[in-house]
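We have chain V; now place chain B onto it with these hints.
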Amino acid sequence: MTQTNGDPAARLVDVTKRYRQGALDVFALRGLSLTIEKGEFTALCGPSGSGKTTTLNLIGALDRPTSGTVYLEGKDLAPLSRRQLSELRRDRIGFVFQAYNLMPVLTAYENAEIVLALQGVDAATRRERVLGLLADVGLEGLEDRRPDQLSGGQQQRVAIARAIASDPALVLADEPTANVDSETADHLLDIMEDLNRQRGVTFLFSTHDPRVMERARRVVRIVDGRVDSDETDRSEAG
Amino acid sequence: MFDTRLPSMAWRNLWRHRRRTLLTLSSIAFGTTLALLFTGIGDSNWAKMIDLAARLGGGHVTLQHAEYLETPTLSRSVHDVERIRALALEDPDVVRAVPRISGFLMLATAGQSYGAAFMALDPALEDERSLSLLEALDEGRMFEDSRDPGIILGARLAENLDVELGQKVVYTLTDKHGEIVRAAARVRGIVRTGTPTVDGGLCLLALDALRETLGYGPQEAIQIGLFIGDQRRSDAVAARLGARLSGDVVALPWYENQPDLAAFIAMKVAGAQFMEGVIALLVAAGIFNTLFVSVMERVREFGIMLAIGFSPGRLFGLVMFESLWLGLVGLIAAGIFVAWPYWYLSTKGLDISAQLDMSNSEIAGIAVSTVMHVALYPETVALIAAAAMTATLLSGLYPAWKAGHIVPVESIRLV
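So the sequences go chain by chain: V and B.
Our numbering applies: residue 1 is where the first sequence begins, and numbers increase by one.
Our numbering applies: residue 239 is where the second sequence begins, and numbers increase by one.
Next up, chain V with everything else stripped away, as it sits in the complex (with noise of 0.2 Å):
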């Protein structure tokens, strides 16, 4: 795992984030204050509408927030371009969203290795990682087929090794096992915790699965905006 200095995978301080509802003004963050240390295993829970996947956005470049400040490996991001804030979503965030990740006209192999050919890796590295992690994942064999010939399971898994293939600051994970059954979860965060604990991956999950919080390090609960609780070293304890 690649630590190119000693700043927090992500920080915010002080975020707000408002969105306008018709004549309505709603508050998603209220002065969100959250650090992420690399190599965490963190979990972010709370109820629906609490600010979870906002906060989620916000670390990963995907919003802009209304007051505070967003930090990246030490990076301010408001002043980056759209262009920019691209770029960095490529090279340093993998994302893991709840369900239909991948681009369906790619196969596994090629959905896996995107992120490294978008960055202009060559050709023969970029097979030696993403056959690597594929089989990592548990989907050697598999690299030919597309979304549609594979389970949901066999779908998040191509999703993380494309999220983990570029050596990213930190990986987002929105809801990851929402969409599986409970075995396939429970297999799913068996890959997770190996990544993160074999090869140092910045793991950030938004759950409401009681099955992520119990395995996260850390579990931060967040309530109408706020962080209301945070925990660490959980499993370490347990």
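Hints may contain errors.
[Stated by the list, open to error] So the derived list for chain B, only partly shown, Cβ under 10 Å to chain V, looks like this:
(1) R243
(2) S246
(3) W249
(4) N251
(5) W253
(6) R538
(7) G541
(8) M543
(9) A545
(10) I546
(11) R552
(12) M627
(13) V647
(14) I650
For the record, the hints were derived by calculation from the structure and aren't laboratory data.
Don't be surprised by glycine CBs; every beta carbon is placed ideally from N, CA and C.
Relative to chain V, chain B alone:
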């Protein structure tokens, strides 16, 4: 480096909705086929009419006195004909150069008199390729030589004058000095073209015989008609020769000498282009619809692509490649669609005389053919292909822009 994969992704995206793509391709192919056939039929017809007009009149390019077009009198003549002919024949596009005298005269027999146009020619230099009337020589024969004292009449004119082969007519006209001159000629031949203007109002005389009557010198004529292999080069030939000619002689392309025919063709071409524009617009609307719907169906997918690092420019490029593929495959399909009708119409033609009674139809004195042929020039095919591609790519612009401007945080929520 990844951009080399965009065409492949775009290609695969097209076939996600096979039926929709096939329908869109069909519309591109059908529209392009129609444009090719319409244009090919038009180009073939106009080229035939222009060639026929050239072979009825002054050639594809006419060398004549600078004032003859404005004041067409026999005093506005060209001198030194042989030298100018030789100069014209040096041009690589000129295949034939023939001196002629043309104008109007009065024909009279014992009982009748009629006005007619005349053309005096040198039979040694002319054949059916320079004078289409010779194909229509129905009775009698061509002049023996340039001094032949005979006359060849249009069939209707001969009927009106009530003369037959071998009988005498008297023609009267003004000479180069404005004096009235008169000569007698025996009917040597009768032409029957089927075109009322020609059959009823034209006669032919031998060049040197008429020169003598008019008081012209042996190197004097009204015009030198030039014939070229491809009428589209008339402009270039006229320009080249115009620069080399000195004195009072000018080089005029056919459309300056035949403004009525040129105006008719220009009007028809404009009408055809308007129709082709309407077809292009309809096809473009179909392509736009396909691409736009296809983009709107993939909003979430594009959101995820933006999230993982695709730039808006790449998404724009992806949709434009989809548009490009549609255009290219549509053009290939058009090539397949058009092959058989093109082969049939170019080799056999379609005789529409049974459907339309056009036996006496003429435009500016030029007979209209009742057999439809098609002929496409390479540059016309290139132009139509380029227009189809442009229409396809323009149709893709907005959907591509839309794809590049999707907001990932909003689109990813859509499941």
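Quiz item: Can you list which hints this structure breaks, lowest number first?
Solution: When the structure is compared with the hints, only number 12 turns out to be violated.
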